[in-house]
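Sequences are here, hints too, so could you generate the full structure?
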Amino acid sequence: MDDIDKLINAHVPTKIAKLQWDIERTSDYITNKQLNDVVALHDKDLTSNLLKLDKFINKYDGIFLKHKNFLQKNAELLDKDIRILEMTMDLVQSANDTAYSN
Numbered sequence: 000m001d002d003i004d005k006l007i008n009a010h011v012p013t014k015i016a017k018l019q020w021d022i023e024r025t026s027d028y029i030t031n032k033q034l035n036d037v038v039a040l041h042d043k044d045l046t047s048n049l050l051k052l053d054k055f056i057n058k059y060d061g062i063f064l065k066h067k068n069f070l071q072k073n074a075e076l077l078d079k080d081i082r083i084l085e086m087t088m089d090l091v092q093s094a095n096d097t098a099y100s101n
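Residue numbers 0 to 101, in numbering that gives the first Met the number 0, belong to the letters of the sequence shown in order.
Hints in this document: simulated from the structure, not taken from any laboratory.
Just so we're clear, the structure is a prediction, and the values are computed from it rather than from any experiment.
Ideal placement from N, C-alpha and C gives every residue a C-beta, glycine not left out.
Treat the hints with care, since some could be wrong.
[As the list claims (entries may be wrong)] Quick list of in silico lysine-lysine cross-link-like pairs, DSSO-like style, CA-CA up to 27 Å: (1) 58 <-> 43; (2) 58 <-> 72; (3) 32 <-> 17; (4) 43 <-> 54; (5) 32 <-> 43; (6) 17 <-> 5.
[Stated by the list, open to error] DEER-style ranges, computed between Cβ atoms: (7) 42 <-> 69: 36 to 46 Å; (8) 33 <-> 70: 34 to 44 Å; (9) 27 <-> 2: 45 to 55 Å; (10) 62 <-> 97: 47 to 57 Å.
Here it is, written out as structure tokens:
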């Protein structure tokens, strides 16, 4: 029991206590310094990528808006042509069916 009491009441840090202190100090350094540096670097990279994306959008947005109406009109004309072709095919098919049934 004397050895245990000496160990408990000792004012001299043990090797394990020193190791624990080093781990806590290192943990504080990692949390306060390195983590902040990583977050700042990530924020800088994210901001840089967003600025590139924003420049890309601004560059091509005007071009898209100019051609939007053109594309819409052509899509409508193409849809109309497809409907006319479908109706023509239906008329031809029904005419063939009528001719063969007589």
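Hints and how they fare:
1. 58 <-> 43: 23 Å, holds
2. 58 <-> 72: This hinted pair holds, its Cα atoms lying about 24 Å apart.
3. 32 <-> 17: 22 Å, holds
4. 43 <-> 54: Roughly 17 Å between the alpha carbons, so the hint for residue 43 and residue 54 holds.
5. 32 <-> 43: 16 Å, holds
6. 17 <-> 5: 18 Å, holds
7. 42 <-> 69: 36 to 46 Å: 41 Å, holds
8. 33 <-> 70: 34 to 44 Å: Cβ of residue 33 to Cβ of residue 70: about 51 Å, so the range 34 to 44 Å is violated.
9. 27 <-> 2: 45 to 55 Å: 33 Å, violated
10. 62 <-> 97: 47 to 57 Å: 52 Å, holds
Violated hints, listed in ascending order, are 8, 9; each of the other numbered hints is respected by the structure.
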